[in-house]
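Engineer: Residue numbers (the working numbering), protein chains in the order written: chain A, 1 to 269; chain B, 1001 to 1337.
For the record, the hints were derived by calculation from the structure and aren't laboratory data. It should be emphasised that the depicted structure is a prediction, and the values quoted were computed from it without experimental measurement. C-beta: ideal position from N, C-alpha, C; glycine also. The reader is advised that the hints may include incorrect statements.
Footprint (simulated), chain A over chain B, 3 or more residues, beta carbon under 8 Å [said to hold, decoys possible]:
{"id": "1", "region": "1082 to 1088"}
{"id": "2", "region": "1119 to 1125"}
Restricting the straight-line Cα-Cα distance to at most 30 Å, the calculated cross-link-like pairs of lysine-lysine (DSSO-like) are [to be verified]:
{"id": "3", "chain 1": "A", "residue 1": "LYS262", "chain 2": "B", "residue 2": "LYS1147"}
{"id": "4", "chain 1": "B", "residue 1": "LYS1044", "chain 2": "A", "residue 2": "LYS88"}
{"id": "5", "chain 1": "A", "residue 1": "LYS9", "chain 2": "B", "residue 2": "LYS1027"}
{"id": "6", "chain 1": "B", "residue 1": "LYS1115", "chain 2": "A", "residue 2": "LYS18"}
{"id": "7", "chain 1": "B", "residue 1": "LYS1165", "chain 2": "A", "residue 2": "LYS258"}
{"id": "8", "chain 1": "B", "residue 1": "LYS1115", "chain 2": "B", "residue 2": "LYS1216"}
{"id": "9", "chain 1": "B", "residue 1": "LYS1115", "chain 2": "A", "residue 2": "LYS82"}
{"id": "10", "chain 1": "B", "residue 1": "LYS1203", "chain 2": "B", "residue 2": "LYS1147"}
{"id": "11", "chain 1": "B", "residue 1": "LYS1115", "chain 2": "A", "residue 2": "LYS262"}
{"id": "12", "chain 1": "A", "residue 1": "LYS88", "chain 2": "B", "residue 2": "LYS1115"}
{"id": "13", "chain 1": "B", "residue 1": "LYS1203", "chain 2": "B", "residue 2": "LYS1216"}
{"id": "14", "chain 1": "A", "residue 1": "LYS9", "chain 2": "A", "residue 2": "LYS88"}
{"id": "15", "chain 1": "B", "residue 1": "LYS1261", "chain 2": "A", "residue 2": "LYS262"}
{"id": "16", "chain 1": "A", "residue 1": "LYS9", "chain 2": "B", "residue 2": "LYS1244"}
{"id": "17", "chain 1": "B", "residue 1": "LYS1202", "chain 2": "B", "residue 2": "LYS1261"}
{"id": "18", "chain 1": "B", "residue 1": "LYS1261", "chain 2": "A", "residue 2": "LYS18"}
{"id": "19", "chain 1": "A", "residue 1": "LYS258", "chain 2": "B", "residue 2": "LYS1185"}
{"id": "20", "chain 1": "A", "residue 1": "LYS262", "chain 2": "A", "residue 2": "LYS9"}
{"id": "21", "chain 1": "B", "residue 1": "LYS1027", "chain 2": "A", "residue 2": "LYS88"}
{"id": "22", "chain 1": "A", "residue 1": "LYS9", "chain 2": "B", "residue 2": "LYS1202"}
{"id": "23", "chain 1": "A", "residue 1": "LYS258", "chain 2": "A", "residue 2": "LYS88"}
{"id": "24", "chain 1": "B", "residue 1": "LYS1147", "chain 2": "A", "residue 2": "LYS9"}
{"id": "25", "chain 1": "A", "residue 1": "LYS88", "chain 2": "B", "residue 2": "LYS1165"}
{"id": "26", "chain 1": "A", "residue 1": "LYS18", "chain 2": "B", "residue 2": "LYS1256"}
{"id": "27", "chain 1": "B", "residue 1": "LYS1203", "chain 2": "A", "residue 2": "LYS262"}
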Amino acid sequence: MNIFAAGGKLAVLAAYFKIILTYRGMLLIHGLRLLLLPMVLASAWLSIEKAPGNPYTDSDYLLYYLLVPLIMNLTDSRIVFKFSLAVKDGSLNRELLKPFPPLLGYLLESIANNTMQLLYLIPFSFAFWLFVRDRIVLAHLQPSLLIFFVAAILIGWLARLAVSGSIALLSFWIEDVTTLNLILNGGIWALLGGMIVPVATFPERIRYIAELLPYRYMLSFPIEIFSGRLSTPEIYQGFATALLWIIVFSVIMRIIWKCGLKTYTAYGG
Amino acid sequence: MPNMNERQQEYAIVTRALNREFRVRLKAEGLAASLRNFFAPQHKTVNAVNDLDMQIGAGEIVGFLGPNGAGKTTTLKMLSGLLVPTSGSIDVLGYTPFSRDHAFLRHISLVMGQKQNLWWDLPPVETFAIHRRIYGLTDQQYAERTKELIDMLEISDCLETQTRKLSLGQRMRCELAVSLLHQPKILFLDEPTIGLDILMQKKIRSFLLDYHRRFKPTILLTSHYMDDVAALAQRVIVIDRGNKVFDGYLSDLTHKLHPEKIVSVVLNNGNFICNPEEGCRLIHQDGQHYRLLVERNRVPEIAARLYATGNIADLTIEDPPLEDIIGQLFTAETRNS
Ligand SMILES: Nc1ncnc2c1ncn2[C@@H]1O[C@H](COP(=O)(O)OP(=O)(O)O)[C@@H](O)[C@H]1O
Ligand SMILES: [Mg+2]
């Protein structure tokens, strides 16, 4: 039985890879979106005069925005778009009647999607790095730091999936959850997650709030680890905060899922 | 205890006092009413399924009939576990459907529309491969069943095309193949031939008959093509506005409600007079083509008289269209209530 179950997961994962390959064009458009904004922001930060007390050097900014597209992609989740569509077009009915956990499918879809994006994000980031490498300092990088970095990306991905998933499941009641998503997962994430302004350069009080909320861990946190700006206790504290949020939102998701299915009328299809 | 077992084997599906209500928001006409509706929405409750009791034996094919909005789809959704009942109980193969235990899901299939089972963005063969894994089929089972279903449904040429690009008929046949790959004990079919041309409808019907003969699944089928139901099911359950109005053999339904047959005759020349005293009524005449409504027991007599004229180009005797019969059932019901 267990072998079958694993086979099922692999088969569904493979299916998501195939779907992404079917729509290669979409992959490229999605990728351009990931690349363009960080490049604009990087050049903006490099060209303006830094405020006194800003801890970030040009090297920090370059490294930061070199990594932003990669982390943005690796922690990305399309569950809001995918799930609300599934409720509308009836494909949720299919997911519900198969001996396969429906929400697990969205997790696998995210793995497939985020992995595929790397196909061109890595070469592009590498090319970008070649271009600016004399201006970036990487002397501090150690294996332990890299392990923390990878773990932080995983945690960030799960946090994003849990927060987005909770919003996505509101599709059971709200016809259009994308607006809500745009505010919570787009706006607040871009501001407090550190896309527009690196979290480390926030004013003290706002930075404190950002470190409490889950958004920092979806983007800024892994980069802060990579740039060697966090002490080990700070790293552990970050992991603990992110894990707590993942647990909280997983519980929220479960509750919404249970209630949602009771109101679900399986209209589409 | 043996009694319990017996009963479970006897019935695949049992519902008791099954109800489902929907709360729907009333639409408002005009700006003022719309505004009022926006701030204080008005609701009404629709009883989609009302106090439904039914028992379906393992291996039976049952046709589920009723006009649009009667509650057929709602019932199928509850039986398959998509929709929670408002009240009442459902037992399908010993499971409560809405819990959607994987053990339960392994034994059923729902075909509702053309993408209940197929992955829309992939060719059908990929859905086959996914199902092989999530239902845990062995290599041999998979090879045998795919071959069998592909042959029976004649779908070898559309397996590699992206599902969204297939024609309606191809998609429906692939949909059926995929839904049967795990050999479900129960097959719920909601309007399986809707939108298909006559030829394709016939193909699907004969496939279902053939498949049922071989594997004996329990089939519950809704259709508004009465031919589907007549071809497949001996037993029918008719519902109207959520209420069960008939449950029994199709032939009983026909006899009870329509004790006449339709005699259709084309004469070479001359004419034919039929009079009501003989149990014969002319319902349509177009030149030499007559359509007569004849009482069942009088049919041989009238047919003999027609032959005696020695003047017949063509003669057929048939039951009135099931649509008319069912329609009559609903008008009768409304009259009674
Ligand atoms: N999701 C839903 N929300 C509100 N009303 C519904 C919903 N689904 C069905 N209904 C209503 O319930 C009744 C039965 O519908 P349905 O089961 O689809 O009928 P049938 O399949 O026999 O045509 C109809 O009045 C329909 O409008
Ligand atoms: Mg229907």
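Engineer: Taking the numbered hints from earlier one at a time, note which ones the structure violates and give those numbers from smallest to largest.
Structural biologist: Result: hints 3, 5, 7, 15, 16, 18, 22, 26, 27 break, sorted rising.
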